[in-house]
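K.L.:
Same order as they appear, the protein sequences are chains A and B.
Following the working numbering, the numbering of the first sequence begins with 1 at its first residue and continues without gaps.
Following the working numbering, the numbering of the second sequence begins with 452 at its first residue and continues without gaps.
Since the hints were made in silico from the structure, they are not lab data.
Honestly, I wouldn't trust all of these hints.
List time: in silico DSSO-like cross-link candidates among lysine-lysine, alpha-carbon distance up to 27 Å [as the list claims (entries may be wrong)]:
#	chain 1	residue 1	chain 2	residue 2
1	A	K20	A	K77
2	A	K20	B	K622
3	B	K753	B	K458
4	B	K697	B	K676
5	A	K195	A	K252
6	B	K570	B	K753
7	A	K77	A	K195
8	B	K570	B	K456
9	A	K46	B	K622
10	A	K77	B	K496
11	B	K622	A	K77
12	B	K622	B	K458
Which chain A residues face chain B? A few, computed with CB under 7 Å, are given here [unchecked claim]:
#	residue
13	E42
14	G44
15	F54
16	R59
17	A122
18	S393
19	Q394
For each residue, glycine too, the CB sits at the ideal point set by N, CA and C.
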Amino acid sequence: MGCGANGTALENSLVCLQGKTVLVTGATGFIGGRVVERLLLEEGAKVRALVRNFSTASRIARFPLDMIHGDLTEADKVREAMQGCDVVFHCAHDSSNEAALSGDAARGTQNVCAAALAAGVARLVHLSTFAVHGATSDGDLTEAMPWGQANHPYTSAKRATEEVVVKMTREQNLPAVVLQPTIVYGPFCKAWTDKPVSDLQTGLVPLVDGGAGFCNAVYIDDLVDAMFLAATRPDVSGEVFLISGEQPVTWKQFYGAFEATLCIESTQVVAASRVAQMQAAAAREKKTLHRFIYWLRDPKVFWRIAKAPPFKLAFVALKRLLPKERRHQMSSRMVRAAPKHSPSATATKSLHVPNETLLALYKSRTHVRIDKAKRLLGYDPQFDLERGMQLTSQYIHWANHNQPHSLSENYVDPIDTAIYLRTCRLPEWAAGVRRRRRAATQYHLHHVGRS
Amino acid sequence: MGEIKYKLAVVGCGAIAERLHLPSLARREDCEIAALVDTNAARSKALAEQFSVTHTFTDVAALSDLDIDAAIVATPNNLHAAMTVNLLSAGVHVLVEKPMAMNAVECAQMQAAAEAAAKVLAVGHILRFAQTARFAKWAIDTGMLGRITSFDIRYGFVFAWPTVSDYLLRKDLSGGGVLMDLGTHCIDLLLWWLGDVATFDYYDDSHGGVEADCLLDATMECGAKGTVELSRTRNLRSTAIIRGDKAALELAFAENTVALRFNDSAMGITGQATLAGEPLTTLQRTSDLVIAEHEDFFTAIKNDRPVSVSGTAARRCMQLIDACYAARRPLELPWAAVQTEPHWRTA
Chain A
1 MGCGANGTAL
11 ENSLVCLQGK
21 TVLVTGATGF
31 IGGRVVERLL
41 LEEGAKVRAL
51 VRNFSTASRI
61 ARFPLDMIHG
71 DLTEADKVRE
81 AMQGCDVVFH
91 CAHDSSNEAA
101 LSGDAARGTQ
111 NVCAAALAAG
121 VARLVHLSTF
131 AVHGATSDGD
141 LTEAMPWGQA
151 NHPYTSAKRA
161 TEEVVVKMTR
171 EQNLPAVVLQ
181 PTIVYGPFCK
191 AWTDKPVSDL
201 QTGLVPLVDG
211 GAGFCNAVYI
221 DDLVDAMFLA
231 ATRPDVSGEV
241 FLISGEQPVT
251 WKQFYGAFEA
261 TLCIESTQVV
271 AASRVAQMQA
281 AAAREKKTLH
291 RFIYWLRDPK
301 VFWRIAKAPP
311 FKLAFVALKR
321 LLPKERRHQM
331 SSRMVRAAPK
341 HSPSATATKS
351 LHVPNETLLA
361 LYKSRTHVRI
371 DKAKRLLGYD
381 PQFDLERGMQ
391 LTSQYIHWAN
401 HNQPHSLSEN
411 YVDPIDTAIY
421 LRTCRLPEWA
431 AGVRRRRRAA
441 TQYHLHHVGR
451 S
Chain B
452 MGEIKYKLAV
462 VGCGAIAERL
472 HLPSLARRED
482 CEIAALVDTN
492 AARSKALAEQ
502 FSVTHTFTDV
512 AALSDLDIDA
522 AIVATPNNLH
532 AAMTVNLLSA
542 GVHVLVEKPM
552 AMNAVECAQM
562 QAAAEAAAKV
572 LAVGHILRFA
582 QTARFAKWAI
592 DTGMLGRITS
602 FDIRYGFVFA
612 WPTVSDYLLR
622 KDLSGGGVLM
632 DLGTHCIDLL
642 LWWLGDVATF
652 DYYDDSHGGV
662 EADCLLDATM
672 ECGAKGTVEL
682 SRTRNLRSTA
692 IIRGDKAALE
702 LAFAENTVAL
712 RFNDSAMGIT
722 GQATLAGEPL
732 TTLQRTSDLV
742 IAEHEDFFTA
752 IKNDRPVSVS
762 GTAARRCMQL
772 IDACYAARRP
782 LELPWAAVQT
792 EPHWRTA
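Only chain A is shown next, with the shape it has when bound in the complex (with noise of 0.2 Å):
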């Protein structure tokens, strides 16, 4: 830890973040967590962090840090955790649909821009995404190529944001430098870490065109890297730099590390024209009656619904009707936890129909060029996927699987709820209720029921 070795550092520029005071905007994430804990393990800096909930920063309070709670749209809390300020991070946003349209993710970047500016930080890292690029064509993706069509709420909120960051370099200084990491993966990470694993656990991920297609992968520390040097480097305010590793990987390579993480396979080779079809039935689908059960078939969806509370009450009475054994095994955590890995999961196993925009990225054989952030940062990416994947392999396991065997692992529950959740194919299922009703009948009348 130190900044000795760099004696080549110009005046006026921050060399290095020892010391410095740091504000991270969505320290609670996946990302901001990530450059909160370098910052204090590595960097010696001194760390604030915005925090709108609590109950979110268990990871981050493993630290001495200075959590100032409120939200990004809320001026004068941003102004307040501004003061005295260094260099910000912010990596801050609101993932829902509402804050896109509302246009809270901009209002917030730009108070947070605005606090800045009247705080006089020397520098603010704004974490974009290269999907503002929207639609890509193959070949090489640079950041001074124009940006593609794009329709999805994700997309125009980054975009909006991004753009709030540029004006206000433009037109008033603000000394703040963008990146626009591509497919972040590493431990805590939702997008593309946890749920490639429960996809590939729960049903078969689509290798689109035998999963050729580019996936521009970056593990989380080389993106944190050039956060840093983002922030530290002289010279670089008002730039854009994609960030990437050093080489795209094929889809097939990238989901090939999970299953080979969690000892399965449990990927489908299809064809781009297939999915597509699927796309349209499952559009055919939502128009139709079927609308709410096809929705109903995503378990995160199902679940969510369950839980609310007049769902959950309705829900309770729904399975009360159930015979109280059978009940008991749709409650039971420990025989839940059983099935996964029982032979009639595989068997039933559905495939997770991408929809319009991830069908896109599967297919695109973009490469995006890291060649500037090299450059201008001096950006070297470090980790190949299989190292990367090595240090996530071991949080995976950590993280939610192959824990120490529950007595009842090898208890295989009759209805199996959660190969019913998954695949959801609710007249099989019904059949097979009561075909094992009838087994479960016969059985009672030859076994029971005569003495």
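Starting from the known structure of chain A, arrange chain B on it as the hints suggest.
P.N.:
Same frame as chain A, now just chain B:
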């Protein structure tokens, strides 16, 4: 009936008072919630309105005018000891939330105050009232599992307690992280089931703040060896497994489920633990445990008998927690360690 109605005060109006204590107390016929105390007047006023409480105060000293019989202390952990000692000295029976205090020294002061005032001091280790935990105690004590050889306790979920303030995440106010929080329950049960710890190793992931994950490897004086793993960042299986030389028992923390497997047989059984006179249920709601806890507290006051979780038991638990923090070693999280020689510094 002409039964005595105890005048009760709730000190600390955070999430636990709102969600668990007040709803349970409001249903009791043998007590009247006379006052709510919280430094945040708006908060105590709002709850007073919701639960029809007459008095609200911002300072616990104001309670002296009300002639209170009993109090529930549900403040941030750093205030537990001072509040409890004050109340006990003023002749008030106290049920204090877990953890009992910031450390065992404070626990001893609280116990001394209770003894001097001859008042009831109960500590909110509610899992003691769970039928599963009682079943485990019975199964161990009767020798059903045989000689206990090992235990394996994992308790954790992605932290989502609707905390009103940040006190659980601040070491100066909470005294610690997940070990102080979920750990209090697990360690209390472990000591209750298996007796004292002989030797142990303790690891956590704190870097000067409060730990989110921790691991305790312990050998008990009875010879049993095992692990307690706790987490605020992961969903662990949240069960305890106790293995004896005859049988192994697993019990869940968040529901009424026990599984029993016999060593010399392929047979096993899964089901619910039941107590005579109580309904058979798979549910083990926290609210029911709090109701049982209040029942225990008021019965102890009425009948002058010991409470289920006394200051002595809670202090023993706190002594082990203190010892863990004192012997703390870093929990190895390979991905969190320094990965690269920062090339930009040497460039």
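K.L.:
Output the indices of the hints that this structure fails to meet, ascending.
P.N.:
Result: hints 7, 12, 14, 17 and 18 break, sorted rising.
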